[in-house]
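There are 2 protein chains.
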Amino acid sequence: MKRVTITDVAKEAHVSIKTVSNVINDSGSMRPETRQRVKQVIERLGYTINYSARSLKTGTTRIIGLAIMAFDQPWTAMYAGELIKAARRHGYSLVIDTYDDGGLSSIIDETYRVNADGWIFYADQPLADCKDILKQRYPVVLTGDSLAYGLVDSVTMPNVQPIYDITSTLIAEGVGCVGLIGAPDDLVAERRLDDVNALREGTRALRTQGYCRAFTDAGIEVNENVVIEGGRWDMNWGARGARHLLSVPAFRDARSRAVVCLNDALALGALHVFKEHGWNVPEDVQVSGFDDIEESRHCNPALTTVNSHLDQYADSAISMLIERIEGADSPVRVISTDFVIERRASTAF
Amino acid sequence: MKRVTITDVAKEAHVSIKTVSNVINDSGSMRPETRQRVKQVIERLGYTINYSARSLKTGTTRIIGLAIMAFDQPWTAMYAGELIKAARRHGYSLVIDTYDDGGLSSIIDETYRVNADGWIFYADQPLADCKDILKQRYPVVLTGDSLAYGLVDSVTMPNVQPIYDITSTLIAEGVGCVGLIGAPDDLVAERRLDDVNALREGTRALRTQGYCRAFTDAGIEVNENVVIEGGRWDMNWGARGARHLLSVPAFRDARSRAVVCLNDALALGALHVFKEHGWNVPEDVQVSGFDDIEESRHCNPALTTVNSHLDQYADSAISMLIERIEGADSPVRVISTDFVIERRASTAF
Numbered sequence: 000m001k002r003v004t005i006t007d008v009a010k011e012a013h014v015s016i017k018t019v020s021n022v023i024n025d026s027g028s029m030r031p032e033t034r035q036r037v038k039q040v041i042e043r044l045g046y047t048i049n050y051s052a053r054s055l056k057t058g059t060t061r062i063i064g065l066a067i068m069a070f071d072q073p074w075t076a077m078y079a080g081e082l083i084k085a086a087r088r089h090g091y092s093l094v095i096d097t098y099d100d101g102g103l104s105s106i107i108d109e110t111y112r113v114n115a116d117g118w119i120f121y122a123d124q125p126l127a128d129c130k131d132i133l134k135q136r137y138p139v140v141l142t143g144d145s146l147a148y149g150l151v152d153s154v155t156m157p158n159v160q161p162i163y164d165i166t167s168t169l170i171a172e173g174v175g176c177v178g179l180i181g182a183p184d185d186l187v188a189e190r191r192l193d194d195v196n197a198l199r200e201g202t203r204a205l206r207t208q209g210y211c212r213a214f215t216d217a218g219i220e221v222n223e224n225v226v227i228e229g230g231r232w233d234m235n236w237g238a239r240g241a242r243h244l245l246s247v248p249a250f251r252d253a254r255s256r257a258v259v260c261l262n263d264a265l266a267l268g269a270l271h272v273f274k275e276h277g278w279n280v281p282e283d284v285q286v287s288g289f290d291d292i293e294e295s296r297h298c299n300p301a302l303t304t305v306n307s308h309l310d311q312y313a314d315s316a317i318s319m320l321i322e323r324i325e326g327a328d329s330p331v332r333v334i335s336t337d338f339v340i341e342r343r344a345s346t347a348f
Numbered sequence: 000m001k002r003v004t005i006t007d008v009a010k011e012a013h014v015s016i017k018t019v020s021n022v023i024n025d026s027g028s029m030r031p032e033t034r035q036r037v038k039q040v041i042e043r044l045g046y047t048i049n050y051s052a053r054s055l056k057t058g059t060t061r062i063i064g065l066a067i068m069a070f071d072q073p074w075t076a077m078y079a080g081e082l083i084k085a086a087r088r089h090g091y092s093l094v095i096d097t098y099d100d101g102g103l104s105s106i107i108d109e110t111y112r113v114n115a116d117g118w119i120f121y122a123d124q125p126l127a128d129c130k131d132i133l134k135q136r137y138p139v140v141l142t143g144d145s146l147a148y149g150l151v152d153s154v155t156m157p158n159v160q161p162i163y164d165i166t167s168t169l170i171a172e173g174v175g176c177v178g179l180i181g182a183p184d185d186l187v188a189e190r191r192l193d194d195v196n197a198l199r200e201g202t203r204a205l206r207t208q209g210y211c212r213a214f215t216d217a218g219i220e221v222n223e224n225v226v227i228e229g230g231r232w233d234m235n236w237g238a239r240g241a242r243h244l245l246s247v248p249a250f251r252d253a254r255s256r257a258v259v260c261l262n263d264a265l266a267l268g269a270l271h272v273f274k275e276h277g278w279n280v281p282e283d284v285q286v287s288g289f290d291d292i293e294e295s296r297h298c299n300p301a302l303t304t305v306n307s308h309l310d311q312y313a314d315s316a317i318s319m320l321i322e323r324i325e326g327a328d329s330p331v332r333v334i335s336t337d338f339v340i341e342r343r344a345s346t347a348f
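Chains as they are written, first to last, in numbering that gives the first Met the number 0: chain A, 0 to 348; chain B, 0 to 348.
No lab work stands behind these hints: they were computed from the structure.
Any given hint might turn out to be false.
One copy or two, it doesn't matter: identical chains are merged, so the pair holds either way.
[Said to hold, decoys possible] Cross-link-like lysine-lysine pairs, in silico, BS3-like; alpha carbons within 27 Å at most: (1) 38 <-> 130; (2) 17 <-> 130; (3) 274 <-> 134; (4) 10 <-> 274; (5) 17 <-> 274; (6) 274 <-> 38; (7) 274 <-> 130; (8) 38 <-> 17; (9) 17 <-> 84; (10) 10 <-> 84; (11) 84 <-> 38; (12) 38 <-> 10; (13) 134 <-> 10; (14) 274 <-> 84.
The whole structure should be built from the sequences, with the hints applied where relevant.
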């Protein structure tokens, strides 16, 4: 299918290319009848502006790209939704590209084909080995819980503190056994949980740190048998984690129990398994999550969770990116949102 | 920030532009040392291929666009995820643009700025008033439950039959009152439920038809008081619909009850309210959904729902679009997936 060009329109309407251009840009002076006739020809031939050509000239599309992992968690859609709203408030559109196991670097080529003015990268894993992906020819804002190495602006959320607070509360209340679902897979597999305190980035590591520090500060040793890995951090892995805990005597036979889940999807999967097992929540086991996704208000019982103000998070990322797109040359910034613990029926505190 | 051009690279590396081009495309013959040196210069200067210029020449990006409504339902993310997987299997990437209350036509301009080879449009509402949006300069596949008017290929899913089957089963079992959550807002507001049989498109209308026909075929009149509108078809509206039903005597005081929800998000919201009200599911009220989202397997009790093979649905859309992108000129096609009812603990059948 051959694209209709501005030349085709000019020929068909018996006017100059300049006149067609003036009609398209609503500029120049001409008789209203002429303007009307050219518009009709544009409509009839189905002429559309060649944005590839235009963007070569103006270098702007008012489109922001988002590079994020696959849509396999409710949180991803929630984050994308908040970014879309924030971008629209600033007169920009958002397009989304996803990477899966290949990581951010696997889609850098694609980002150059999309014609966005700048990109928001999301990374929940450390970028140490590939921090060069932050050096692109377009402005970048990094979101997630990875270090930006002073290369680009970044937005993070509190991770250590909310999990520390929840775990400390459960310990202070004298809960017999407080388990965790969602720890970094390698640390659990290799029994290197002590190493978690050395890690300064990565969502899993930071949240697990909060849990471990609460025990240390209470003068209690962490029981590695009730610290369960997170896998894909989705409902299936939450269910799997809960079934695993049910097989651990220290947990199953405790006089009272709680599970700190590192995101809401994990908590929803765990809730389901505990109920199926015949346990009442929070009487037999208390469960908490992280993210405050919509489902956490509509599950049974409703889920105690961490709200880290995703709307502010998204708006900070969009605002910083647009400032860069428009030429801001200030030093790189790191913004962190604050948080609130939403207390609901799945816990007794 | 001035873009580094191929000329800059050639100058810096003391070679011709043709040689740089050969290095980029891994073609031509030259000494390995030269190739290596040019690569280093490309790296050092941060040269990246200008895809805007390139796409003017080749007219292809191997990117497919998806235009879909906002990410306010779990189903949207699930559909996007399946399309991403299907596109990748064919060597394409997917970028996503969303429309909200403005409808599909509000983002047509944006689609031209994204540089995709073709677009998948999703529409759950009739396009009658704006079917011209299907006439674009790029190939389009329409998905959702709207008519494509023979203009483009389209993919639909069965809507009437699964809801008919579920409702008929509940009626045949002698359930005292079978309500519905998710009907078209205007039909409920204006008490024009009879009109639903005249509608041949729109997800809400088609599924509501299935419900109404089951009653008609059983020789029973539909009780409009227990047919509740769907609003945004999310969990909040499901909860709202269930609270409404609790206030309707015909439902509340029936000897047995069921609620047919037109998607899973509505059903999850309703489940929560019934449990909060102290009703057991399915003993006091049976609940069914539609879509088989991940949450439907992990809620309490697990949800009986309709699986309409979203993977096939997504793969059909991607395959048809790619055929058009590659020049297929065959008559337009309509593909419909089949379905299976996943029977789980939220119903007694």
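What label fits residue 17 with residue 130 when the C-alpha limit is 27 Å: within, between, both, or neither? Neither: 47 Å inside a copy, 32 Å across copies.
Taking 27 Å as the upper bound on the Cα-Cα distance, should residue 38 and residue 10 be classified as within, between, both, or neither? For residue 38 and residue 10, the Cα distance is within 27 Å only inside one copy (13 Å; across copies 46 Å).
Check residue 84 against residue 38 for me: Cα-Cα at most 27 Å, and say if that holds within a copy, between copies, both or neither. Result: close neither inside a copy nor across copies, 33 Å intra and 41 Å inter.
When no copy is named, should residue 134 and residue 10 be tagged within, between, both, or neither for a Cα gap of at most 27 Å? between (46 Å within a copy, 23 Å between copies)
What label fits residue 274 with residue 38 when the C-alpha limit is 27 Å: within, between, both, or neither? Answer is neither; intra-copy 65 Å and inter-copy 60 Å both fail.
Taking 27 Å as the upper bound on the Cα-Cα distance, should residue 17 and residue 84 be classified as within, between, both, or neither? neither (38 Å within a copy, 45 Å between copies)
Check residue 274 against residue 84 for me: Cα-Cα at most 27 Å, and say if that holds within a copy, between copies, both or neither. neither (36 Å within a copy, 33 Å between copies)
At most 27 Å between C-alpha atoms: does residue 274 with residue 130 qualify within a copy, between copies, both, or neither? Neither. Shortest intra-copy (44 Å) and inter-copy (49 Å) distances fail the 27 Å Cα cut-off.
Is the C-alpha distance from residue 38 to residue 130 at most 27 Å within one copy, between copies, in both cases, or in neither? The answer is between: 20 Å across copies meets 27 Å, while 50 Å in one copy does not.
For residue 10 and residue 84, with the copy left unspecified, which applies at a CA distance of at most 27 Å: within, between, both, or neither? neither (42 Å within a copy, 45 Å between copies)
Alpha-carbon proximity context of residue 38 and residue 17, limit 27 Å: within (14 Å within a copy, 42 Å between copies)
As a check of your reading, is residue 17 near residue 274 (CA-CA no more than 27 Å) within one copy, between copies, both or neither? Neither. Shortest intra-copy (71 Å) and inter-copy (68 Å) distances fail the 27 Å Cα cut-off.
Of the numbered hints stated above, those contradicted by the structure are hints 2, 3, 4, 5, 6, 7, 9, 10, 11 and 14, listed in ascending order.
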